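S.K.: Those protein sequences? They're chains X and B, same order as listed.
Mind the numbering: the first sequence is residues 1 to 441 in full-length UniProt numbering, read in order.
Mind the numbering: the second sequence is residues 1 to 441 in full-length UniProt numbering, read in order.
No wet-lab data here; the hints were simulated from the structure.
Bear in mind the structure is a predicted one, so any value in this text is a computation, not a measurement.
All C-beta atoms in this analysis are idealised placements derived from N, C-alpha and C, irrespective of residue type, glycine included.
Take these hints with a grain of salt, some might be off.
As the list claims (entries may be wrong) - Which residues of chain B face chain X? A few of them, derived with a C-beta cut under 10 Å, are:
| # | residue |
| --- | --- |
| 1 | 3 |
| 2 | 153 |
| 3 | 155 |
| 4 | 187 |
| 5 | 236 |
| 6 | 242 |
| 7 | 249 |
| 8 | 401 |
| 9 | 403 |
| 10 | 417 |
| 11 | 418 |
| 12 | 436 |
| 13 | 440 |
| 14 | 441 |
Stated by the list, open to error - The following label-pair restraints were derived from C-beta to C-beta distances:
| # | chain 1 | residue 1 | chain 2 | residue 2 | range |
| --- | --- | --- | --- | --- | --- |
| 15 | X | 67 | B | 347 | 36 to 42 Å |
| 16 | X | 96 | B | 125 | 37 to 43 Å |
| 17 | X | 256 | B | 7 | 30 to 36 Å |
| 18 | X | 59 | B | 366 | 52 to 58 Å |
| 19 | B | 296 | X | 393 | 55 to 61 Å |
| 20 | B | 248 | X | 3 | 56 to 62 Å |
| 21 | B | 82 | X | 162 | 44 to 50 Å |
| 22 | X | 162 | B | 33 | 54 to 60 Å |
Claimed, not checked - In silico negatives: residues of chain B with every beta carbon more than 10 Å from chain X:
| # | residue |
| --- | --- |
| 23 | 50 |
| 24 | 98 |
| 25 | 196 |
| 26 | 238 |
| 27 | 245 |
| 28 | 293 |
| 29 | 383 |
| 30 | 420 |
2 protein chains.
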Amino acid sequence: MSAADLAERIARSARQRTEGAEVRTADVLDWLGDRRRSNGFRVEPVPFDAQEDWSFDPVTGNLRHRSGGFFAIEGLRATVDDDPAARWEQPVLRQPEIGILGLLAKDIDGVLHLLVQAKMEPGNPGLVQLSPTVQATRSNYLRVHRGARVRYVEHFTAEHRDTLVDVLQSEHGSWFYQKANRNMVVETTADVPAHEDFRWLTVGQLGELLRHDNVVNMDARSILACLGAATTPDPELLFWITAERSRRRLATERIPLSEVGGWVREADRITRPDGRFFRVETVRVEAGNREVRSWHQPLFAPVNRGVCAFLTRRAPAGPQVLAAARVEGGFRDTVELGPTVQCQPDSHPVPPPFLAAVLGAAPDRICYEAVHAEEGGRFRDAESRYLFVEAPDDVAAAEPPPGFRWVAPERLSALLWHGNYVNVQARTLLACLTTGAAEVW
Amino acid sequence: MSAADLAERIARSARQRTEGAEVRTADVLDWLGDRRRSNGFRVEPVPFDAQEDWSFDPVTGNLRHRSGGFFAIEGLRATVDDDPAARWEQPVLRQPEIGILGLLAKDIDGVLHLLVQAKMEPGNPGLVQLSPTVQATRSNYLRVHRGARVRYVEHFTAEHRDTLVDVLQSEHGSWFYQKANRNMVVETTADVPAHEDFRWLTVGQLGELLRHDNVVNMDARSILACLGAATTPDPELLFWITAERSRRRLATERIPLSEVGGWVREADRITRPDGRFFRVETVRVEAGNREVRSWHQPLFAPVNRGVCAFLTRRAPAGPQVLAAARVEGGFRDTVELGPTVQCQPDSHPVPPPFLAAVLGAAPDRICYEAVHAEEGGRFRDAESRYLFVEAPDDVAAAEPPPGFRWVAPERLSALLWHGNYVNVQARTLLACLTTGAAEVW
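Whenever a hint applies, use it, and build me the whole structure from the sequences.
M.R.: So this is what it looks like as structure tokens:
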């Protein structure tokens, strides 16, 4: 299939918004509510000394699973731009293995449908959200924790498969150390019945659902962002990224969690005395339909709700978003492009650039707004308001400050054919464009 | 200027092979020999206890410059694919700062010319080779070592410049820890006189010179490789790279040089008792026209000559080369594409795949062969035979083994618009194609 054919099929699926071949969009929310109620999920924090299977390493203080699998919480020391004032230490999630985030695709009645799962993750607001068909760490599908096999994973690991998307994308550089997951869309022509926790939805239905708070999970959003068309690279954009990566400097060092300065371990949390950013806690999870029926695990819990927003403007060649060249401690390549604003406002005594323009925007300048949470398998209630906001006229007319650049959104989407260019928060916003949840003119 | 225009200008410059606007190609070798003779360069190894400005850190044993700048030699522990047998320790060059490798371009008489320098680097065979206009570490152009300013660097750091190439590319993953340099081509319309150590040459002249041993240095080759046309990405190629990056695993840890197992520090070298791979040594350099007139520095000196070769075949759609998905300890993204064969044969008791096909090729199947050295500022006499070799018929007809893939060379060139895809040895071979030094049918 040619790239143009695929782009047209995705566009056609994105136009189908109120119903798919299987289910009306309005009924998906009811189904999701039903899945939430019927499974008796319970998540509650436990003190560290009551956690099962996880423990602090006696030498390093790192928090690890006894299998050595899953992930670990270690320490990170980071310095940005050789600036002593931009030097910090923090707990960081380390999960060097590459997981699969996969959406299974199928042509039903001439329209591309994607198989989504109503999946419980302990950190999700509401616990159950729409997730990709497969969301599997390597430990998961190698069954390190002796759970059930991952349903549908064989479509993504088959040697001969019809791949539409397959790219390694970074995850939260402020919380993960150099984490990447494989974002995949694989098409099948086989008769694949949807298990009761799964539904076939069109791209447009997912777009409609992205207008609701806390319905489509981060992994699904990340994959949907990667459905943009491949184009020849924009040299000026690539040159600018090179210049930013050369201008900025990021030095990091993994350190033992017990040596992280500025954080304290209490009975049930690792936290900062000044209360900023996030805390580490362990929860006990009871689940009906997950791989194992009950388990403990640590989560990062941000202390404030975040704001992730692209400012937009009309340029002669079409709409543009204001991308920020961000340095995050866990990035592999120093800089990735993020939204114009990405922060927890209450954790920043000095507001970052453009935050006021976003928070102060008149309602008629807000093109899109919804609350979405980051991955519920690692982050607890990590909600952010995601927005597209029409830039104030003076901002739209001015040369952006260093580290910011106006970019056509389809140029950012095209970068997603490669990894390490567009961060996970920007991908949530781009997913709103590929699915038609948001329209910037 | 459109990408198509640039590609046509490069192609036109590549056709101009026997003379440029300034100098006949045949005379460049004489000029280079003249520069070698007239400057009185001397390089000689010194014992570590006689080295000036460099010393072993008393705690870590790392070999460092007293300024803290330039680079350092530390230790690396690496494990590939969780395989205890593929676990090793080694000295590694660490230079986190990003340097500029820049070629200045100029239209002369309607043909694109590039300004190359006859530059001495202490590790070069023959000492003086053709180098980019600018080859500057950050320490260089910030003048950490109080040397002369870097000639022509202002063209590459100017805020408003006409950039043709600007991309971060990796360097030797077996010797450097996650090193990247900025490969740049910047065009000027100003009247830029060539200093006596510099000459304006066409792309085709550089191609002719690449047929000679040890004339065009590694940095120039790396930039020349990046002159390929940008195209829409080839999804199948990118998906394969993603799969290789997910299939392979690379775990690395920086360790103190003094803790590196299997290597011993003698009076004048750090070496392996089994004599394999390379040794670390320090040299004293005397130079006439370099930034400072004399200095000491460590170099990595490979103990054997290497072989870097692409096997080629005719496919229905055009010529292809057999790319290898290589895992090297210093890569940021686990896997980059390298030549079919890349090794020091004498350091490998078990020959790597396809080495026999390269070494045993009949002369009429060798499309290109020359000896080139790796960067003479860090490596001493690090020579490899670089070859394109027509694959044996059975190899050309068979499905390649895991980790190898037939790729059109222009597809590899297109990947060079991004970093971390194509390693520095493959770039030398691709430079032979962009400049017309080699033709694979």
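S.K.: All the hints need checking, so say for each whether the structure fits it.
M.R.: Now for the hints, and whether the structure bears them out:
For the restraint placing residue 3/B at the interface with chain X, the shortest Cβ-Cβ distance is roughly 7 Å, inside the 10 Å limit, so the hint holds. Annotation: interface hint on residue 153/B violated; nearest CB of chain X at approximately 13 Å, more than 10 Å. Annotation: residue 155/B was flagged as interfacial toward chain X, and the flag is violated, the nearest CB pair being 14 Å apart, outside 10 Å. Using the Cβ-Cβ criterion of 10 Å, the hint placing residue 187/B at the interface with chain X is not satisfied: the shortest such distance is roughly 13 Å.
The beta carbon of residue 236/B is positioned within 10 Å of a beta carbon in chain X (closest approach about 8 Å), and the interface hint is therefore held. Of the supplied interface hints, the one on residue 242/B holds, with its beta-carbon coming within about 5 Å of a beta-carbon of chain X, less than 10 Å. Because the closest C-beta pair between residue 249/B and chain X is about 7 Å apart, less than 10 Å, the hint holds. Hint status for residue 401/B relative to chain X: violated, with the closest Cβ pair at about 14 Å, above 10 Å.
A least Cβ separation of about 14 Å between residue 403/B and chain X goes past the 10 Å threshold, and the interface hint is therefore violated. Restraint check, residue 417/B versus chain X: the minimum CB separation of about 5 Å is within 10 Å; hint holds. The interface hint given for residue 418/B holds, since its Cβ lies 6 Å from the closest Cβ of chain X, which is under the 10 Å cut-off. About 23 Å separates the beta-carbon of residue 436/B from the nearest beta-carbon of chain X, more than 10 Å, and the hint is not met.
This hint is violated: residue 440/B has a C-beta 24 Å from the nearest C-beta of chain X, more than the 10 Å allowed. Below 10 Å, beta-carbon pairs count as interface contacts, and residue 441/B has none with chain X, the closest being about 26 Å; its hint is therefore violated. The hint said 36 to 42 Å for the Cβ distance between residue 67/X and residue 347/B, and at roughly 37 Å that hint holds. For the pair residue 96/X and residue 125/B, the supplied restraint of 37 to 43 Å holds, since their beta-carbon distance comes to about 39 Å.
A C-beta distance of roughly 52 Å is found between residue 256/X and residue 7/B, which places it outside the suggested range of 30 to 36 Å. In this structure the hint that residue 59/X and residue 366/B lie 52 to 58 Å apart at CB holds, the actual value being about 56 Å. Between residue 296/B and residue 393/X, the C-beta spacing of about 60 Å keeps the proposed range 55 to 61 Å intact. At about 27 Å, the beta-carbon gap between residue 248/B and residue 3/X misses the expected band of 56 to 62 Å.
Taking the beta carbon of each, residue 82/B and residue 162/X are about 30 Å apart, not inside 44 to 50 Å as hinted. Checked against the hint of 54 to 60 Å, the C-beta distance between residue 162/X and residue 33/B comes to roughly 59 Å, which is consistent with it. With a cut of 10 Å on Cβ distances, residue 50/B stays outside the contact zone with chain X, its closest approach being about 32 Å. With a minimum CB-CB distance of about 5 Å to chain X, residue 98/B fails to clear the 10 Å threshold, and the non-interface call is violated.
Listed as a non-interface residue, residue 196/B keeps its Cβ farther than 10 Å from every Cβ of chain X; the least gap is roughly 30 Å. With a cut of 10 Å on Cβ distances, residue 238/B falls inside the contact zone with chain X, its closest approach being about 6 Å. For residue 245/B, the requirement that its beta carbon stay farther than 10 Å from each beta carbon of chain X is not met, with the minimum near 6 Å. Under the 10 Å C-beta cut-off, the non-interface status given to residue 293/B relative to chain X holds; the minimum distance is some 30 Å.
The claim that residue 383/B is not at the interface with chain X holds, since no C-beta of that chain comes within 10 Å of its own (minimum 30 Å). Not every beta carbon of chain X lies more than 10 Å from that of residue 420/B, the smallest distance being close to 8 Å; the non-interface claim is violated.
The structure is inconsistent with the numbered hints 2, 3, 4, 8, 9, 12, 13, 14, 17, 20, 21, 24, 26, 27, 30, although it conforms to all the rest.
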